[in-house]
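A.B. asks: Quick mapping for you: the protein sequence lines, in order, are chains B and Z.
Under our numbering, the first residue of the first sequence carries the number 1, and numbering increases by one thereafter.
Under our numbering, the first residue of the second sequence carries the number 1001, and numbering increases by one thereafter.
One should not assume that every hint holds.
What the hints assert, rightly or not - Residues of chain B placed beyond 10 Å of chain Z at every Cβ, according to the derived structure:
| no. | residue |
| --- | --- |
| 1 | Thr5 |
| 2 | Ser7 |
| 3 | Glu17 |
| 4 | Ser20 |
| 5 | Ser54 |
| 6 | Ser67 |
| 7 | Gly68 |
| 8 | Thr97 |
To be verified - No farther apart than 25 Å at their CA atoms in a straight line, the calculated lysine-lysine pairs in the PhoX-like style are these:
| no. | chain 1 | residue 1 | chain 2 | residue 2 |
| --- | --- | --- | --- | --- |
| 9 | Z | Lys1076 | B | Lys103 |
| 10 | Z | Lys1043 | B | Lys39 |
| 11 | B | Lys107 | Z | Lys1043 |
| 12 | B | Lys107 | B | Lys39 |
| 13 | Z | Lys1076 | Z | Lys1052 |
| 14 | B | Lys39 | B | Lys103 |
| 15 | Z | Lys1076 | Z | Lys1019 |
| 16 | Z | Lys1065 | Z | Lys1052 |
| 17 | Z | Lys1065 | Z | Lys1043 |
Quick caveat, the hints were computed from the structure, so don't treat them as lab data.
We put the beta carbon where it would ideally sit given N, CA and C, even for glycine.
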Amino acid sequence: NIVLTQSPATLSVTPGESVSLSCRASQSISTSIHWYQQKSNESPRLLIKYASQSISGIPSRFSGSGSGTDFTLSINRVESEDFSIYYCQQSYSSLFTFGSGTKLEIK
Amino acid sequence: EVQLVESGGGLVQPGASLKLSCVASGFTFSDYWMSWVRQTPGKTMEWIGDIKYDGSYTNYAPSLKNRFTISRDNAKSTLYLQMSNVRSEDTATYYCTREGTRGVFFDYWGQGVMVTVSS
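So that you can see chain B by itself, here it is in the shape it has in the complex (with noise of 0.2 Å):
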């Protein structure tokens, strides 16, 4: 299995502030992952694919980059709705797996 270990667990920013999450393959996986947000009592959305590909209705302020083993999402101006979960996925391999998650909580 490919093992996806992401950090920090939380990150803890004021709004307003730009933010970095970090996700780590444990082989290389070219661009194969993708990013989802969860806010809270909801269900996941797709935000990234392919490590950096936009998705339509996702605000500008999300953005992604890596490849090989290092993936990063970055939040510029994080606002308040945007306090939530983020897991990072990959499909390099056909058992799909996801990271643990980074919650992005209020300081």
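Dock chain Z against chain B, hints included.
C.D. replies: Same frame as chain B, but now just chain Z:
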């Protein structure tokens, strides 16, 4: 508008069987691969398996393959998850998802249905 609505969850005893359903609308169901994903109370996400758009092929997480079966009825735009010999570790919220591109990412998710395994 794409909608995925799960049903069939609840409290079930260890060793029992349970069948979840997911009714899809707002898109041509028979054109898409579909997956089930579950989330434990501790928020861990686990992919269960998927099914080809015509139902002719399924793929499962190895740890669940012997107990879980995914099927679909395209005439009813409905996806199913048959769970057998359930265990306490199967307690989770189960999501029906659409695969945006086969075997890549999940572009739409249902609201989820809770399954609790307890005696």
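A.B. asks: Next, verify each hint and record whether it holds.
C.D. replies: Status of each hint after checking the structure:
The non-interface label for threonine 5(B) is consistent with chain Z: the shortest C-beta to C-beta separation is roughly 13 Å, beyond 10 Å. The claim that serine 7(B) lies off the interface holds: its Cβ sits roughly 16 Å from the closest Cβ of chain Z, which is beyond the 10 Å cut-off. A cut-off of 10 Å between C-beta atoms confirms that glutamate 17(B) is not in contact with chain Z; the least separation is 24 Å. For serine 20(B), the non-interface assignment is confirmed: its Cβ lies about 21 Å from the closest Cβ of chain Z, beyond the 10 Å cut-off.
Against chain Z, the non-interface label of serine 54(B) holds: every CB pair exceeds 10 Å, the least being about 13 Å. Look at serine 67(B): its CB is around 16 Å from the nearest CB on chain Z, clear of 10 Å, so calling it non-interface holds up. Residue-level check passed: glycine 68(B) sits 18 Å from the nearest beta carbon of chain Z, beyond 10 Å. Threonine 97(B), annotated as away from the interface, has a beta carbon of chain Z within 10 Å; the closest lies near 7 Å.
Taken as a hint, the lysine 1076(Z) and lysine 103(B) pair is broken in the structure, with Cα atoms around 38 Å apart against an allowance of 25 Å. The suggested pairing of lysine 1043(Z) with lysine 39(B) holds, with an alpha-carbon distance near 12 Å, which does not exceed 25 Å. With a C-alpha separation of about 22 Å, the suggested pairing of lysine 107(B) with lysine 1043(Z) holds against the 25 Å cut-off. A distance of roughly 17 Å separates the Cα atoms of lysine 107(B) and lysine 39(B); the hinted pair therefore holds under the 25 Å criterion.
Our distance criterion of 25 Å between C-alpha atoms is met by lysine 1076(Z) and lysine 1052(Z), whose separation comes to about 16 Å. Our distance criterion of 25 Å between C-alpha atoms is met by lysine 39(B) and lysine 103(B), whose separation comes to about 10 Å. About 16 Å separates the Cα atoms of lysine 1076(Z) and lysine 1019(Z), which keeps this hinted pair within 25 Å; it holds. Among the hinted pairs, lysine 1065(Z) with lysine 1052(Z) is consistent with the structure: their alpha-carbon atoms are about 16 Å apart, no more than 25 Å.
About 22 Å separates the Cα atoms of lysine 1065(Z) and lysine 1043(Z), which keeps this hinted pair within 25 Å; it holds.
In terms of the numbered hints stated before, the structure departs from hints 8, 9, listed from lowest to highest.
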